[in-house]
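Protein chains in written order, with the working numbering: chain D, 36 to 466; chain X, 1463 to 1734.
No lab work stands behind these hints, which were simulated from the structure alone.
Do not take every clue at face value.
Claimed, not checked - Ranges between beta-carbon positions, derived for each pair: (1) X:G1669 to D:D118: 58 to 66 angstroms; (2) D:P123 to X:T1634: 57 to 65 angstroms; (3) X:D1494 to D:G294: 56 to 64 angstroms; (4) D:K224 to X:F1631: 22 to 30 angstroms; (5) D:A414 to X:F1631: 42 to 50 angstroms; (6) X:N1557 to D:S202: 30 to 38 angstroms; (7) X:K1623 to D:D124: 24 to 32 angstroms; (8) D:K150 to X:L1608: 41 to 49 angstroms; (9) D:A414 to X:A1696: 50 to 58 angstroms; (10) X:N1557 to D:V180: 23 to 31 angstroms; (11) X:E1691 to D:A414: 20 to 28 angstroms; (12) D:R106 to X:N1484: 53 to 61 angstroms; (13) X:D1520 to D:Q53: 51 to 59 angstroms; (14) D:G64 to X:G1669: 48 to 56 angstroms.
Because the structure is a prediction, the values reported are computed rather than measured.
Note that beta-carbon positions come from the ideal geometry of N, C-alpha and C, so glycine has one too.
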Amino acid sequence: MSVINTKKEAQDARIVGQRLVNQWLANLGTAHERGQPVAYVFVMGNAIEILRTFGFEMAFPEINSLQSGVRKSAPDFISKAEDFGFSPDVCSYVKADVGLMLSNMMHPSGVQMPKPDIAIASSLCNVYIKWAEIWERRFNTPAFVLDIPGKRFAAWKSTAGSPQHLSDARWVEGQFRDLIARCEQITGKKFDIDRLAEVEENVNEMIRLWIDILAFNQNRPAPYNSMLDGLTYMGVLNAWRGTVEGVEYMRLLHDEVAGKVARGEGRVPNERFRLIFSGTPCYINMRRMIELFESHGGVFAASDYLTYAAGGLDSAGLFYDTSRPLESLAEVTTLASQMGLSNHFFSHHMLAQQMNDFAADGIVYHGIKSCRTVATSMADNREYVTTKHGMPTLYIESDLIDPRYWSDAQIKNRVDAFFEVLEQRARLEGR
Amino acid sequence: MEYVAGIDIGSTQAKGIIMDENGALVGKAILDMETNMGTAAERVFERVLANANLSPGDIAFTVATGYGRYRVTFGDLQVTEISCHARGALAEFPNTRTVLDIGGQDTKAIRIGDSGEVTDFAMNDKCAAGTGRFLGAASFALETPLSDLGPLALKSTRPVKITTTCTVFAETEVIGHLAKGHLPEDVLMGMHHSIATRCASLVRRVGMAPEVTFSGGVSRNVAMVALLEEVLGAPLNVSSQSQFMGAIGAGLYALDNLKTGYRSQTAHAIDA
């Protein structure tokens, strides 16, 4: 089954990507009818590879929530959750999901979302666990929490194969074995290790291509905006991870972006400033936010979001060894999670590297009302890049999907002033 | 002789200045904002022209700043008030490296580099506490004109601690304190303290370096100046033209354009 339907699609991976996301959502709506069990998973720490071997179809409530933001249903969902009693301070993704539950699971994409047969949470986000508990209470869903060791301290590096790494990986592997037993119970199927190897092969290929795609933006001009086009690409990477269709999509995308690089085609016609985005996106007004930057010739060449929201797989520096699928899954997951999580904490060194690789002119930090955890590290991080590297930075705040936290005039003012700072600096440097 | 104009359309007041090609101020005007920013801009322009005894055709270049900068239809260029306040402050105080501007709804701390470039800035977010609006609430609750607040606050001997961070609820808190028998000057000084603390935090966030300049409408409040100097532990430059600092900065950007033909890349007139 080719992912490319038309000639037009063959020329634009973003259109294919959007269709694949819609198709994945539509598939979820019919999963139970087709006798397929459904797993609720999160973008960080999810063991999708194991779940696929049991035939689970993946639902990503985070993606459901961001889609409700993009499709403007979030205010209604959030309202329902707050009427029920959820505090304004609770993550808006959670509230949008609660609102969805209170709306008979009717999603703005037109799909009635299935209830989960299993939920996988992890220690990579402290809200995940509480969120999974909501499904436990409401749907009687068995929730499984993966405890994945994170980075111990700032300059600490767990290298593949080191005693520390292997010790952590064994801890995770033990949990994967528990999960497998759970899945066998729920589905009545026996675990198929060969199928796991197949899925991992697909993921390996997708990640190899993704690493290249991320690196293509080191070219000048950057062929895509990591915080607009990049989000669609990553959506497909997550939703179709480990599938044949996912591999085909990443190949199409890879070739398209490579072509743009070869032709010197940039996302922003007169690329003036190359920026890094740190934090989560603003799905309330995604296009508007990007427009505020692109209108000044600013492109987001890189972001830490594309790493941690894809589970850190691009920065693990390791691929699945399909001759030892389960052990390798644990080894890669352990490293990838640490790298992904490191984009929240101890991330200043990685950011400094990115600044260099992408020839960044500035960093934009986006703090959100929904997640104080992500915002906590930003002040120190900003201080570090400003004082140690002389990098101009901008801090703006809004939210993932709650429009009450988007203040257009205030944000525009700060963005405009930031570009004035960049221009003044450029003039002083003779650029 | 050529002339340029700087128009600052803020949330509370519209300011305009005209300067000649040598940078000398030949006219200024200020009026309270109205809902229609475009009309307010035109009115302040008319006033400043009258003040300078000039006509619109005499103005070679106009730079607009403030939140309403994109509504100044006769503006040639829009520059944010961050850059304009820095520029305006430097013109009067060439050794200034930190600017604190407290406006009607907006407070900004601006850090300036040795070549006069803005290196960092911080503004109040989502909340007008720590801005002129907080004093507006005090003025209303104490039934005292804004201009009298500073001298009255300085009479305080036992300032009351104001705990609310909300400008709207502050009125309730003020009334509550007065009902308990606290003196108006003590309550007022407490409110000044609240503002000073919030603003000092913004200054520290961008890194305070001497000299520090205090601009904006609130800098005309003597109690605010005294308190900020105490809280920051540094003397403050306060201009007699502090309300016009943004407009003056805008005028200087206009002058740049006249002299060098330089046009900022930020002059995209997106409809805000």
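*Between D:G64 and X:G1669, does the C-beta distance stay in 48 to 56 angstroms?*
With a Cβ separation near 54 angstroms, D:G64 and X:G1669 satisfy 48 to 56 angstroms, so the hint holds.
_For the hint 56 to 64 angstroms, verify it against the beta carbon of X:D1494 and that of D:G294._
With Cβ atoms ~58 angstroms apart, the hint holds.
_Supplied distance hint 23 to 31 angstroms, evaluated on CB atoms of X:N1557 and D:V180_ = Distance hint for X:N1557, D:V180 is violated at roughly 59 angstroms.
*asked:* Verify the CB-CB distance for X:G1669 and D:D118 against the hinted window 58 to 66 angstroms.
replied: violated (44 angstroms)
*asked:* Against the range 22 to 30 angstroms, how does the distance between the Cβ atoms of D:K224 and X:F1631 compare: consistent or not?
replied: At 60 angstroms between Cβs, range violated.
*Is 30 to 38 angstroms a correct range for the gap between the Cβ atoms of X:N1557 and D:S202?*
The hint (30 to 38 angstroms, Cβ to Cβ) is violated, given that X:N1557 and D:S202 are roughly 59 angstroms apart.
*So does D:P123 sit 57 to 65 angstroms from X:T1634, Cβ to Cβ?*
violated (21 angstroms)
*Between D:R106 and X:N1484, does the beta-carbon spacing fit 53 to 61 angstroms?*
holds (57 angstroms)
*Cβ distance range 20 to 28 angstroms for X:E1691 and D:A414, holds or violated*: holds (26 angstroms)
*Range hint 42 to 50 angstroms: satisfied by the CB atoms of D:A414 and X:F1631?*
For X:F1631 against D:A414, whose Cβ atoms are near 27 angstroms apart, the range 42 to 50 angstroms is violated.
*Would you say the C-beta atoms of X:K1623 and D:D124 sit inside 24 to 32 angstroms of each other?*
With Cβ atoms ~26 angstroms apart, the hint holds.
*Return holds or violated for the Cβ distance of X:D1520 and D:Q53 against the range 51 to 59 angstroms.*
The hint (51 to 59 angstroms, Cβ to Cβ) holds, given that X:D1520 and D:Q53 are roughly 55 angstroms apart.
Going through the hint list in order, the structure does not satisfy hints 1, 2, 4, 5, 6, 8, 9, 10.
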